Every structure is written in structure tokens, then in C-alpha cells.
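Undergrad: The chain contents come next:
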Amino acid sequence: MSLTILAIDDSSTMRRLVKMTLASCGYDVEVAEDGVDGLEKLDDVRPDLVITDINMPRLDGFGVIEGVRRHPTYNKIPILTLTTESAAELKQRARDAGASGWIVKPFDKDKLLRAIKRVLG
Amino acid sequence: MSSDPLDEIKIVFFQECSELLEELEDGLYAMRDGEETDDTVNAVFRAVHSIKGGAGAFGLDVLVSVSHQFETVLDKVRSNQLETDPDLLDLFMRSADKLQDLVQAAKDGRDPDASECDELVVALKAYESPGEAAPPPAAPAAAAPDENGFQVAPLDLDFGLDDDPTPAAGNWQVTFTPHVDLYQRGNDCCRLIGILIEMGATNVRLTTDTAPIWSELPAETPFMAWHAELPSDVPEADIREVFEFVEDDCDLKVEAAAAQAGADDMGFTPTKLDILGDDEVEFTPMKLDIDLDTPADTPAAEPEIEAKAEPEAESKKNEKVETAKPVAAAPPKRVEPKAEAKSEASSTIRVDLNRVDRLINLIGELVINQSMLAQGFQSLSMPVNQQLTDGLNDLRQLTRDIQDSVMAIRAQPIKPLFRRMSRIVRESGEATGKKVQLVTEGEGTEIDKTIIERLSDPLTHMIRNAVDHGLEGPEKRIESGKEDTGTVRLTAVHRSGRVVIEVADDGAGINRKKVREIAVEKGLISDDAELTDSEIDHLLFMPGFSTAKEVSNLSGRGVGMDVVKRSIQNLGGRVSIESEPGKGSVFTISLPLTLAVMDGMIVRVEDQLMVVSLSEIIETIRPSATAIQHLTPTQSVILVRGEYVPVIDVGYELGVRPRLTDAGDGVVLLSETEAGERSALLLDGILDQRQVVIKGLEDNYGDVPGVAAVTILGDGNIALILDVDGLLRLSEQSRLSSAA
Numbered sequence: 022m023s024l025t026i027l028a029i030d031d032s033s034t035m036r037r038l039v040k041m042t043l044a045s046c047g048y049d050v051e052v053a054e055d056g057v058d059g060l061e062k063l064d065d066v067r068p069d070l071v072i073t074d075i076n077m078p079r080l081d082g083f084g085v086i087e088g089v090r091r092h093p094t095y096n097k098i099p100i101l102t103l104t105t106e107s108a109a110e111l112k113q114r115a116r117d118a119g120a121s122g123w124i125v126k127p128f129d130k131d132k133l134l135r136a137i138k139r140v141l142g
Numbered sequence: 146m147s148s149d150p151l152d153e154i155k156i157v158f159f160q161e162c163s164e165l166l167e168e169l170e171d172g173l174y175a176m177r178d179g180e181e182t183d184d185t186v187n188a189v190f191r192a193v194h195s196i197k198g199g200a201g202a203f204g205l206d207v208l209v210s211v212s213h214q215f216e217t218v219l220d221k222v223r224s225n226q227l228e229t230d231p232d233l234l235d236l237f238m239r240s241a242d243k244l245q246d247l248v249q250a251a252k253d254g255r256d257p258d259a260s261e262c263d264e265l266v267v268a269l270k271a272y273e274s275p276g277e278a279a280p281p282p283a284a285p286a287a288a289a290p291d292e293n294g295f296q297v298a299p300l301d302l303d304f305g306l307d308d309d310p311t312p313a314a315g316n317w318q319v320t321f322t323p324h325v326d327l328y329q330r331g332n333d334c335c336r337l338i339g340i341l342i343e344m345g346a347t348n349v350r351l352t353t354d355t356a357p358i359w360s361e362l363p364a365e366t367p368f369m370a371w372h373a374e375l376p377s378d379v380p381e382a383d384i385r386e387v388f389e390f391v392e393d394d395c396d397l398k399v400e401a402a403a404a405q406a407g408a409d410d411m412g413f414t415p416t417k418l419d420i421l422g423d424d425e426v427e428f429t430p431m432k433l434d435i436d437l438d439t440p441a442d443t444p445a446a447e448p449e450i451e452a453k454a455e456p457e458a459e460s461k462k463n464e465k466v467e468t469a470k471p472v473a474a475a476p477p478k479r480v481e482p483k484a485e486a487k488s489e490a491s492s493t494i495r496v497d498l499n500r501v502d503r504l505i506n507l508i509g510e511l512v513i514n515q516s517m518l519a520q521g522f523q524s525l526s527m528p529v530n531q532q533l534t535d536g537l538n539d540l541r542q543l544t545r546d547i548q549d550s551v552m553a554i555r556a557q558p559i560k561p562l563f564r565r566m567s568r569i570v571r572e573s574g575e576a577t578g579k580k581v582q583l584v585t586e587g588e589g590t591e592i593d594k595t596i597i598e599r600l601s602d603p604l605t606h607m608i609r610n611a612v613d614h615g616l617e618g619p620e621k622r623i624e625s626g627k628e629d630t631g632t633v634r635l636t637a638v639h640r641s642g643r644v645v646i647e648v649a650d651d652g653a654g655i656n657r658k659k660v661r662e663i664a665v666e667k668g669l670i671s672d673d674a675e676l677t678d679s680e681i682d683h684l685l686f687m688p689g690f691s692t693a694k695e696v697s698n699l700s701g702r703g704v705g706m707d708v709v710k711r712s713i714q715n716l717g718g719r720v721s722i723e724s725e726p727g728k729g730s731v732f733t734i735s736l737p738l739t740l741a742v743m744d745g746m747i748v749r750v751e752d753q754l755m756v757v758s759l760s761e762i763i764e765t766i767r768p769s770a771t772a773i774q775h776l777t778p779t780q781s782v783i784l785v786r787g788e789y790v791p792v793i794d795v796g797y798e799l800g801v802r803p804r805l806t807d808a809g810d811g812v813v814l815l816s817e818t819e820a821g822e823r824s825a826l827l828l829d830g831i832l833d834q835r836q837v838v839i840k841g842l843e844d845n846y847g848d849v850p851g852v853a854a855v856t857i858l859g860d861g862n863i864a865l866i867l868d869v870d871g872l873l874r875l876s877e878q879s880r881l882s883s884a885a
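Heads up: the protein sequence lines correspond to chains A and B, in order. Counting from 1 along the first sequence, just add 21 to a position and that's the residue number in this note's numbering. Counting from 1 along the second sequence, just add 145 to a position and that's the residue number in this note's numbering.
To be clear, the hints were calculated from the coordinates, so they are not data collected in a lab. Every value quoted in this text rests on a predicted model; they were computed, and no experiment measured them. Built from N, CA and C at the ideal position, the CB exists for glycine as well. Incorrect hints may appear among the rest.
[Unchecked claim] Taking lysine-lysine and the DSSO-like style, the derived pairs with C-alpha atoms no more than 27 Å apart in a straight line are: (1) B:LYS155 with A:LYS132; (2) B:LYS580 with A:LYS130; (3) A:LYS132 with A:LYS40; (4) B:LYS580 with B:LYS627; (5) A:LYS132 with B:LYS398; (6) B:LYS252 with B:LYS594.
[To be verified] Example chain B residues on the side facing chain A (calculated, C-beta under 8 Å, incomplete): (7) ARG385; (8) GLU877; (9) SER879.
[To be verified] Chain A regions said to be covered by chain B (calculated; three or more residues, Cβ under 8 Å): (10) 26-39; (11) 94-103; (12) 122-136.
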């Protein structure tokens, strides 16, 4: 059974890029348009990994991380943030919220897969 | 990545960009107008941020570097470290303009014009607090492993590594001691060690010597240290990259083993582990593989064991739960107030324009079909059947409703066009050294998408003219008792089934004396021509007229107002001028709501059916035989309520028949241009009034003078749609040529 990844990003360009890249590597990828959408989809998608953007309307990536970490079922799954910032401060905030790791945009396939491997095996 | 799906995503990216750029402009305008809220700043930030993200993915380096710097400064504003002022907002506007240019360049596959970009980036950089160097733009090439380079905290714990077997000289010795936080962030040692093994790690061991005795063991704390040896040819950075995410949640030591004797000894001496009685657990790759398939269980995941194990651990756990609780109550609060936004967002769909156009074509066919039915029914001369009549009427009403609904899909608010004009105003102001502000009204007015697109060029020209010729320089304005900043007002409003757009300036107004002189000089009018003020103003629209003494670098681009007028006419629109000396000028454009259908009057000339747009007809007159007076053989007028109006014999002008000698045989449609210029169209008869579908002629016949388009009538016949303005010009030409 292939692993399922929930990718949350308000940019449809990014959603498509992530989906295309990961699907070509055999992952099942579901997408959500923002934090609220993402958290709502948790129970349906049942992800093994969440990849989330940070800057999003309605509920940002930090909110997503907190939400997932409080979820009764999925509180232990790995979460990667997808960010254009390599700023330490942002990473720290994401870590404090409970993120497992981060992917810096722009990413290439290798970079993405390496990061996923680290948290998903 | 294969190129095809990527190209598709690129198209999505450009679509997204245009939306983001619009949001960006909206936000910046709101900020300029003093409506700066956290939400606006956030929206502006996000827009730039998303553009940058996508640009990076497609290797658009220049776009990335400008948006990056833009974003950095916006972030300062967002975090209240920087206050906006007019200068900064102006810089933001210019940056937004530049992003737009760069996106357009990328879309067209052009190389971006990097020159101004550097200047902008420098200007933006100046707003960063001094001393704080900007992080380099996240160029795609920067995907080097050290991008997220980190310093590992020195490991000061002694894991009894002295007892370790001696590794091969130069091989990497990795020691990895996870903290409890590592598990809480959803990371798992097994996966990391698994990666090390794939990279060629040997001699992987787990030691637990720091663990206290069982009765004192806090269940949540992993008292483990992993050891692994990696070949010396694996770069250190690669090893460290594996632990990138957990660097702060573990102690990590990567060091090269010193050259020593006995380097080939791969065995190890087990150290004593008190409780488990197990000395050390050796992990073979095979065993790890099995582990990797199990879910990410962490030591912290077993509350029962932990409670039994140690009361201390329980209290610790409780503490954790308590601190977590208030946070746990938070998410519904954060989410609920914005639930409305969700339904709003999901109530729009993106549709390919071709599909809408196909629908519009089909509706056009339906309109034709409906009128064919109605006509067919009439010609049957059956006894009146009320049910059938009602049914046909309902069908007509429904067809019209469907048509209106479909047209509404194509209709878009004029706002983006107006926003584009604000840029033109800004640039024109800069180029001429005039202070200008743009005021827009009726941005929400909806109009057909194609009309909006084709309106861009003429409107740009008119705005440039307004700034360049209309407005005075600041000194002159002050002299005339005005504010030094000139105002260009752009207004859109729906008026009787049309859209009226006004471009108004509060400048000096049209210098009629000069206009007249130039027109005489260029031979457009005769020296002694008697012209009203309005007629003089409208000379500006004559081909070959240009008031600028020398070609300025702005409006003088070889395009006169006559071109503006023609392109608006091609849209079925009209344009006129009103000007008041010292107060300014108003250019008014009146446009149809749609290019696809119109209400027309079906008229007859000889055996030909023709259509005149209802919006162009003021009055229909059945003239008496003597009402039309012939001034010359080629020129005649009709007296309408005390005013002589030139008569255009449509049949003659279009070459359908010779001139009508007896006016009593015909009918006259009185028509008026925007400028108030009246003309009387002489036709042979009026049939009825109905909605017609406009079919362009340009594709097949090019520009036919006097004919705007054609339509298909219910009986399948084709009727010409008349271009009244074109007819007027035709008749003037024929008059002039016959006079000559």
C-alpha cells in the first residue's frame, strides 16, 4: 500500500507541482487549499505525512501543525513545512509548533524525496 | 521532471500570477488610501510570497530576486518593524509594476529587463534595518546541501565510546543521541538510521548506558545513543543533512576516526546495561527494514506503561496535558469566523473562455432558431391558438433570460483595467514632471471581457493625453489658483443598456483657438468655416490631427485620437469630448454591454434587409414627399423640428439602388452621434424590431465601409448591420468626390 501525503498550499501552482512530483514517485497525494481545508481533510485523507505551506489565508502553516498535533488520531504523523524562507526564525516557530522538518522552495525532486525519506522512511 | 506536465503547471502559474498581481495592487491601493489593516498587509505579503515561490520553481531568477526583496521589506511592515509612508508605498507600487512586467516577460518567453530591477532591489534593501544583511535570494541554483547549513552543538556527553571498536581510519563515526522532542515532532530515529544504512553505514549499534535503573526511568525520555560508521568517501555534509530536521532535538557527533593500528577490527565490546540485562542491541539493516514498516510509535506513546512505571512521569505527563489544553480549545475559534470566506471561495470556478464562447454561440443559434419558429408560425396563417402563442412567447422570454445569464458570465468588473490605468497615470506623471492623482469610480461596473481587453489601448492613450496635454504643470496650476496636483478621474457607469466610461481631467481645457489654427493649417477645415465649440473640440478626432508641436515622449507615439476613436467604434462604441476652458476636459466613451447580441431595427432597402442598432436611433419619421430638400444633386437635408439635418440615402451609399427621388416612398431614421451631430438615414421601409445576433465580417471580408457586421434572421436570410458613423463618412466622401 502506498503512503498517502496531504499537501496543503494556497498556491495552485505549488499544489500541482508537489502533487505531480510526489505522484511520480508512487505516493498518493491529496491536496488542500489552506489550513482550514487541510485540517478538515485529515480524517478523509488519513495521511501518513502532511506537507504544508506556511503563509496561507484563513489558517497558516503554524495553525496546521498545531491542529495536526492535537488531532486524536494523527497527532504523531510527520509534518514538513514548505517554505521559501530559509530563515532560522521561521523554522524555529514551525519546530516549536511541532513540525518534523522543512522543505525550502524552490525544491527539486531529489530534495523533496530526501526530506520525505527522512520522516517517512 | 518531464517538461509537458510542467508546462501545464506553468500556465496555471501565470494565471495565478495575474490574480495575485491584482490582489497585490488592490492591497497596495487600500494601504495608500489609509485602509492598512493586518489583513491587507498580509494579503499583499502573501501575494508577493506566492509569486516568488512559483517563480523559483520555474527558475525565473530575476522575478525571484525582486519578489524576494519586496517580500523582505513587506515582512518588516507586517511585523510592525517598519511604518509605511508615501515614499515606501510608491516604491511598493513600482515594485508591483515591475513584478507585473517580469511575469509578462516570462509568459512571453522574453528575457527580463534586469536593469530597473537592480535599482528597485537596492531601493528596497535600503528599507531593511542597517547591519542586517538580506538573505540571498532563493535562486533555484542554490539548492546546495549547505543551504540550510547548521552548527551542531558540541556533544559533551560521554557515551563510553572509549569502549568502541576502532573504526577504519578516516571513516566517519556518527553518534546520535535523540531527545524526547524528536519524537514529539513526528520524527523517528529508525528512519534516520535507515537512511544512514542506505548510505553505507556499518556497525550500527544502540547503546543505552545513560539510562537510570528501571524504577527511576522516566518513560518519555529516550536514553539511547546510536552509533554508526560510514565510509570516508561519504561527504560529511550528506551525513549531517540526514539529521537536518532533528539537529536541535538530538546530540549529534560526526567525526573522522583517527588513523590507528587495528583499524580492521570491526567487532565491538558490549557494555553492561543494568536493567534489561541486554548488553547492546545491534541493528542490522534487515531488522531496520522491518522496523521501518511499523507505524511511528514513540516511547511517549504508551501512557499506561508510563503511569505504572513512575509517578514522576505521570505528573510530568499531566503537566503537559494541562499546558496543551488551552491551546487545544483554540482551533475552532480560529477557524469559525472565517468559515464564510470558505463558502465564498468555493463558490467560484475557473472556466476556459472557449467553453463560454461556445455557449454564447449556441445561444446565438437559439435566438435565431426562436425567431425562425415565431416567423414560421406567423406565416402558417393558422387560427390563433392561445397555447401555442403563449408557448412561443415564453420561449422568447426564456431565450432572452438564458442569453442575459450567459452574457453575465463573460461580464467582468472593469476594475483590473482601471488599475492598469493607475500605472499609466503614475508613469505619465513621472515622464512629464507633473503631479497627478487618479481617482476611479464605478470599478465594479461589469462589461464584456473582450471589450475590456480591447479597451486597454485606447484608454491608455486617452489617459496619457489627459496627463500630457490636459493637465498643466504644477507651477502653472498654482498660478491659476488650483492645487499643484492634477486629477484624472476615471468613471464607469451603466446607462440605458450601455456602459459609459469617462476620462476627465481638471486641466486647462482644450485650447480651441489653437485647435482651430492647426485644423486650418492642416487643411482639415477651411479658413472661414463656422464651427461651434463642440465641433472644434471634435476636430481632435480627425485623422491627421495632432496638437503637440513636437512629438513628446509620451502621448506622441504616432497614434492620434482618430485611432482611439476608430478602435472604440470597432467595439460598437462612441466617443465624445466636452471641454471647459480653465476647468478641464471630459472624454466620454459609450460602449455596448456585449459584442454578441443587440437590439436592432430591421429595415428594408430595395429587397435587402438591414439592421440599425436601436441605440443609435432617436426617432423614426415618415416624411412627406416634399420634406426633403435637395441643396445640390448630391446633397439634401430634411427639416426636423426646425433643424436641418443632412440626409444619407443608405440605398445609394451602399450601391443597392440609385438615389430615391421621391422621399415619400421612404422612411427616415434620425440618428445622433455622441457629439450631437445628427443625420437622417433614408430607407425604403421598416419591418420590425428584434434582437439580433452579431456576426463579424472582418474575418472574411475585412473592413466594409458603412457595414458594422451582419446577422442571420429567423428565415435564414442574412442582413447587414449598418454602421451609421461609417455611412456618414461614406456620404461625405461621395459628396466631396462628386463636388470635385
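Undergrad: The structure should be examined with respect to each hint, and the outcome stated for every one.
TA: The hints, checked one at a time:
For the proposed pair B:LYS155 and A:LYS132, the alpha carbon gap of about 20 Å is at most 27 Å, so the pair holds. For the suggested pair B:LYS580 and A:LYS130, the alpha carbons sit about 51 Å apart, so the restraint of at most 27 Å is broken. Between A:LYS132 and A:LYS40 the alpha-carbon distance is near 15 Å, which keeps this suggested pair within the 27 Å criterion. Pair hint B:LYS580 plus B:LYS627 holds up; C-alpha atoms about 12 Å apart against a cutoff of 27 Å.
Between the alpha carbons of A:LYS132 and B:LYS398 the distance comes to roughly 23 Å, so the proposed pair stays at or under 27 Å and holds. A hinted pair counts as satisfied when its Cα atoms are at most 27 Å apart, and B:LYS252 with B:LYS594 qualifies at roughly 20 Å. A distance limit of 8 Å between C-beta atoms decides the matter here; for B:ARG385 the minimum to chain A is near 12 Å, and the interface restraint is violated. The closest approach between the C-beta of B:GLU877 and any C-beta of chain A is roughly 55 Å, which is over the 8 Å cut-off, so the hint fails.
About 58 Å separates the beta-carbon of B:SER879 from the nearest beta-carbon of chain A, more than 8 Å, and the hint is not met. With a threshold of 8 Å between beta carbons, the proposed coverage of the region 26-39 of chain A by chain B holds, since 7 of its residues qualify and at least three are required. For the region 94-103 of chain A, the assignment as covered by chain B holds, since 4 residues bring a beta-carbon within under 8 Å of that chain's beta-carbons and 3 suffice. Residues of the region 122-136 of chain A with a Cβ under 8 Å from some Cβ of chain B number 11, which satisfies the need for three, so the listed coverage holds.
The structure is inconsistent with the numbered hints 2, 7, 8 and 9, although it conforms to all the rest.
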